[in-house]
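K.L.:
Please build the complex by placing chain F on the supplied structure of chain A, with the hints as guidance.
Taken in order, these protein sequences are the chains called A and F.
Quick note on my numbering: the first sequence kicks off at 24 and runs consecutively.
Quick note on my numbering: the second sequence kicks off at 63 and runs consecutively.
The set of hints was computed from the structure by calculation and includes no laboratory data.
Remember, it's a predicted structure, so these values are computed and weren't measured experimentally.
Heads up, a few of these hints could be off.
Derived pair list, reagent style DSS-like, types lysine-lysine, alpha-carbon separation capped at 30 Å [as the list claims (entries may be wrong)]:
(1) Lys118/A x Lys249/F
(2) Lys203/F x Lys118/A
(3) Lys347/F x Lys149/A
(4) Lys144/A x Lys340/F
(5) Lys353/F x Lys144/A
(6) Lys387/F x Lys144/A
(7) Lys203/F x Lys83/A
(8) Lys144/A x Lys87/F
(9) Lys363/F x Lys428/F
(10) Lys472/F x Lys118/A
(11) Lys349/F x Lys144/A
(12) Lys149/A x Lys340/F
(13) Lys460/F x Lys118/A
(14) Lys249/F x Lys87/F
(15) Lys118/A x Lys87/F
(16) Lys149/A x Lys349/F
(17) Lys118/A x Lys497/F
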Amino acid sequence: MEQGKRILIVEDDQFLREFYQELLVAEGYNIDVAPDGEAALQKIWEQEFDLILLDIMLPKKDGIEILHEIKIKPPKRANTTIVMLTNLGQDAVIKECFNLGAEGYLIKSALNPDQVLSEIKGYLQKAS
Amino acid sequence: MLSEEKILAFLKLQQMVLDIEESNKLLDHFLPKVLQELDSLGYGYIYLSAIFIDKDLKVKQTFFTDQNNIVSETVTKGENLFQKGSEWEMKVMYGEAAVISDVAHLINPNYPQFAQIHSMLILPIQHKRELAGILALASSKNPSKIDADEIEFGKMITRLVDLAFRLQDTESSLTQITQQVYTMNAKLHQLDKLKDDFVSVASHELRTPMTAIRSYVWMALHRSDVPLTQKLERYLYRTLVSTERLINLVNDMLNVSRIEAGKVEIAPRSFDLVALVKDVVEEVKAKADEKRLQLLVLDHKIPPVFADSDKVHQILLNLIGNSIKFTYPGENITIDFFTDGQFVETSVTDNGSGISPEDLAKLFHKFARLDNSYVSISTSGGTGLGLYISKSLVELMKGKIWAKSEGVDKGATFTFSLPVATEEVLKHADQFQFKPQGEVKPLEPVAI
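So here's chain F without its partners, still in its complex pose:
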């Protein structure tokens, strides 16, 4: 029968295992306590060492502590725990405790208290009925003084040492996994940045030679010192348009990749949409004049909107630019506004080449191939990405975008909505802004 004192000591140690928070150093904290507790029970051990082994009986980890309360992990990893085939080894292997007096080969003779050690209690640490290691308790007692009670209590202690080791092991493998995930994450981040930098640099490098091609072809077309044949003029014109398309494509692809990667910031503020539309109209005036197009802005009284004006500028350039492309010379493009107090709708209406019902559905898709309407992409200089970008931006600003057309050659109306800067909206302003995690990427300018 174990005394009440011992049961209390056991429970105290058990609680300790469960309470120690720094699980990765559990044994460092726990083993000195064991030694201390045993001491207070009258078992004055000189030192305690716990050796853990793997399935092949090879030493995995060794802990050592003595009355100085310092735990050290000795490095005898990989060696077989049992080497001599001696009696104690056989006993321990079969799960029994062993008491030995001949301790010379188990202790380093340089150990300061070597001379005082006269016996050693070796207890098997078992885990799920398998040998998981040994607990060795060195004392100055004569081996015959170690009684069954002491051995019994020692065996109970091994359970706690095993528990502590398991907890520590789990913790350290968890830490290891966390570490691995962290490293992997950092690597992915780095790769992502590399990719992004590459895309940025590559696109800029692409634009330089494309600009050179564009400039020289333009010169050949407009500043030739010999008259061009009709054929040659057509060839040069097509080269020029294709180069422009290529430049636009690079910009739009960069923008799409930035929007999709969530790197584009939405910084909304309250502003006058009509004024912005007028600015954009001024900006595209030269293009419109080339085709003798009238741009009409219907000046309604509308409340200020709450949106990112740079992004709205981009959307307006895209929509008005499209209309300029697809409207026949001499016609009109009308920009109108409507509000219900919650949203402002801005519509761009032309009486140009129109959109077939089949194509209306695909209009805002990436690289939408429009088979039945609109001027073909190659002659328009379009990229097939502009409307997709506009849609993405509008939606980031909590608005909607849609198109209407009666059919081919019947013109089209593109409308987008943006929230009115109501008191309610301003109160929840943070819900309308979008701050990317990590680096913020600006948008490339829209070509018209």
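If we strip away everything but chain A, and leave its shape as in the complex, we get:
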């Protein structure tokens, strides 16, 4: 059962943020959200998450900057899984994210919600 797993959704588009939130809450996950890079970092450092869904194009601080910062100052929960959830899909960006410690890379526009869910489940299983 996935109940209780805490996931942080970092997404600036309100509709998409609420969409993923609804999708994941319905599955029994415990969800928190952040609409920009700074809010995200604050939550990452102050609260414990099992998984972070991280967009790249974000206001204030982008996803790549966030990856850089948590390399220097790790998340409160040391083994948080970071999965990029973005619409940028160029090979170079994907490689950079993996190099910076992301464990997964999901392209929003290429996956349907079922696929997003099963990917997330997979990453959480791998982590536990």
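P.N.:
What follows is chain F alone, placed relative to chain A:
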């Protein structure tokens, strides 16, 4: 008769005009030399000034040099050269030399050697029989001491001064034109970058709301808490497919613009094509499973190819994705290889909806409208750009792409070739790579 000494001095000065390399400062170099040369011939002028005028007799440029060898350009631009209607002015206007003793109004009284100047030889500078300016030589001599010989030599010197001025003028206008072209070029570059940035940002901004539409429609279709009527389901399904098409279209258009602008890099390396095909098959397995399609990779022994694996990945996704779209449920798609030692041909064969002979010719065109075959573009989710992109990429890698079909409903085979990584190819590896000038742009992922 001019003395041999003077002729030699003249020739020396002439050579100098032709030899000075910094043409934009020709007069700066040349005028002090003239003064020096005249001095060595016994004509000790205190200063020399050259004034150039335009067609309306307005001063265009003024040069001044004295024994300190410093040339200065004085700024009396735009004024009329002749103001008094005096005798020397009339003479000069008609192309004659004039010697004047009353120099007070021609020289700034603050000039340190003002008191020593007792005469001035004013020579017309002519260009194509028109007055182009004057050369003024100031000396401490009594005006009556200036003889015909001196005037004659001075006149010859004016030709050289004119020549120097023309050369300098041409050079500076050339420099100006070069400068203008350069500025224009930089501006164009900047505009191009702006356009490109705009396209990139706009496409990303477009994708966000499109993803939201797609996600919510998907939910309405798959997670509705009320049963959908058949009609509503059809409407939602068509909305979903159209949104997907729109997303693909944005990606493909970005890719086309990058390829056409020559911003896509080809970085070839030697790799195992069969392994890459197997990866791609794994990637599209979910899509194929939805339609209960079998994907068969015929495992031949083929030599490694020399190509950009990311781009080949893109091509394979496009071709295999197409086959999945256009093959009827329950059927097979076969991927086969062939090599003649120089090239490896990879073919993707399906027994799907096929292509009519008329459409075969148009297949690889941009936004090819296929009237007689294939499932219509709107229901396939296709963009009409995928094959064009594949063709462009294959050709960038020195390969070819083609299609065969017996006709509508008779299936189709798409084949592309890539060079084998032979020793010969590896020796000329640089001919197979393409490095864009300026910024390298990555390709957007292919949707299947």
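K.L.:
Each hint: holds or not?
P.N.:
Hint by hint, here is what the structure shows:
1. Lys118/A x Lys249/F: Answer violated: Lys118/A to Lys249/F is near 34 Å, above 30 Å.
2. Lys203/F x Lys118/A: Measuring from Cα to Cα gives roughly 85 Å; hence the hint is violated.
3. Lys347/F x Lys149/A: Holds, at roughly 22 Å.
4. Lys144/A x Lys340/F: It holds: about 25 Å lies between the C-alpha atoms, which stays within 30 Å.
5. Lys353/F x Lys144/A: 25 Å, holds
6. Lys387/F x Lys144/A: Since the Cα atoms of Lys387/F and Lys144/A sit roughly 28 Å apart, the hinted pair holds (cutoff 30 Å).
7. Lys203/F x Lys83/A: 81 Å, violated
8. Lys144/A x Lys87/F: Violated, because 76 Å separates the two Cα atoms, which is more than 30 Å.
9. Lys363/F x Lys428/F: Violated. Lys363/F to Lys428/F sits at ~35 Å, over the 30 Å cutoff.
10. Lys472/F x Lys118/A: 41 Å, violated
11. Lys349/F x Lys144/A: Roughly 20 Å separates the two Cα atoms, so the pair holds.
12. Lys149/A x Lys340/F: The given pair, whose Cα atoms are some 24 Å apart, holds under the 30 Å limit.
13. Lys460/F x Lys118/A: Given pair Lys460/F, Lys118/A holds - Cα atoms ~27 Å apart, limit 30 Å.
14. Lys249/F x Lys87/F: 29 Å, holds
15. Lys118/A x Lys87/F: Not satisfied, since the Cα-Cα distance of roughly 55 Å exceeds 30 Å.
16. Lys149/A x Lys349/F: 24 Å, holds
17. Lys118/A x Lys497/F: 20 Å, holds
In summary, the numbered hints that this structure violates are 1, 2, 7, 8, 9, 10, 15.
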